[in-house]
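Chain by chain, the residues run as shown.
There are 2 protein chains.
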Amino acid sequence: MDATLPPLTPGTLYLVATPIGNLEDITLRALRVLRECDIVAAEDTRHSGQLLKHFGISRPLLSYFQFNEAKRSEEIIERLKRGEKVALVTDAGSPGISDPGERVVKAALAAGLRVETVPGSCALVAERPADG
Amino acid sequence: MDATLPPLTPGTLYLVATPIGNLEDITLRALRVLRECDIVAAEDTRHSGQLLKHFGISRPLLSYFQFNEAKRSEEIIERLKRGEKVALVTDAGSPGISDPGERVVKAALAAGLRVETVPGSCALVAERPADG
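Going line by line, the protein sequences match chains A and B.
FYI, in this note's numbering the residues of the first sequence are 16 to 147.
FYI, in this note's numbering the residues of the second sequence are 16 to 147.
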């Protein structure tokens, strides 16, 4: 499938949903974006590093969490302006739903940069009905 | 990855999220469930047949939509009771969010059968922020 797909768009911030509890709950597009981006901004670089390793992906990681969000947002915006492709992931689920992400997304949109969501698991709907 | 994964559980109804607009937005687990289930109950069998074909998957399809939900629910429950593994998909997104699915899920739970969600894209959170 990969052979026929267009490459990632330079200068784009990709909001990549990652698994909540089950490593198989990751989409083909999420894996491709993580494989092809220039850098992965992660809520917890150690946690996300293990996820990438599980799928045989090796990309540079940048920490992005509550207490460095302002500084890191600026850095990510600079990278996007230079044409880099940045993937933003959180420990689990979809960035910006109940995790960090809002600040850099707002900054990217304010700067006229491209933001693309890569949907997948999110806490809002991923509950198991048998537990409900 | 597949080699180390446990097989699907007999007598289980799998609610499988499918792509909304981008075929790459499907998870590894969704593909595995669709490949290994006994039958796929689909909102539109032609639509879902094309999805399966795209991924080289060939499983029997059963139509399940608004106007045959009651009858088909009974049939699905009988299949589950016989130990079949049934995947439920809609045209796009997560079954039961804004699509058919509620009736058979309630019937399965009422009968003490196992229901498992396979999360992925859902209309609730898959919007593109650049369009918002």
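FYI, nobody ran anything at the bench for these hints, they're computed from the structure.
Among the hints, erroneous ones may be present.
Stated by the list, open to error - Facing chain A, from chain B, some residues (calculated, C-beta under 7 Å): (1) I41; (2) E93; (3) P134.
Said to hold, decoys possible - Using C-beta positions, here's what the derived DEER-type ranges look like: (4) B:S73 to A:G36: 44 to 52 Å; (5) A:E90 to B:Q65: 37 to 45 Å; (6) A:P25 to B:G127: 49 to 57 Å; (7) B:E99 to A:G127: 50 to 58 Å.
Claimed, not checked - Covered by chain B, according to a simulated footprint, are these stretches of chain A (three or more residues, beta-carbon under 8 Å): (8) 71-83; (9) 86-95.
The beta-carbon is built from N, C-alpha and C at its ideal position, and this holds for glycine as well.
We went through each hint and held it up to the structure:
1. I41: At about 6 Å, which falls below the 7 Å cut-off, the nearest Cβ of chain A leaves the hint on I41 (chain B) intact, so it holds.
2. E93: violated, 20 Å
3. P134: Because about 4 Å separates P134 (chain B) from the closest Cβ in chain A, which is inside the 7 Å limit, the hint holds.
4. B:S73 to A:G36: 44 to 52 Å: violated, 30 Å
5. A:E90 to B:Q65: 37 to 45 Å: holds, 43 Å
6. A:P25 to B:G127: 49 to 57 Å: holds, 53 Å
7. B:E99 to A:G127: 50 to 58 Å: holds, 52 Å
8. 71-83: Contact hint for the region 71-83 of chain A vs chain B: violated, 0 residues under 8 Å.
9. 86-95: violated (count 0)
When each numbered hint is compared with the structure, violations occur for hints 2, 4, 8, 9.
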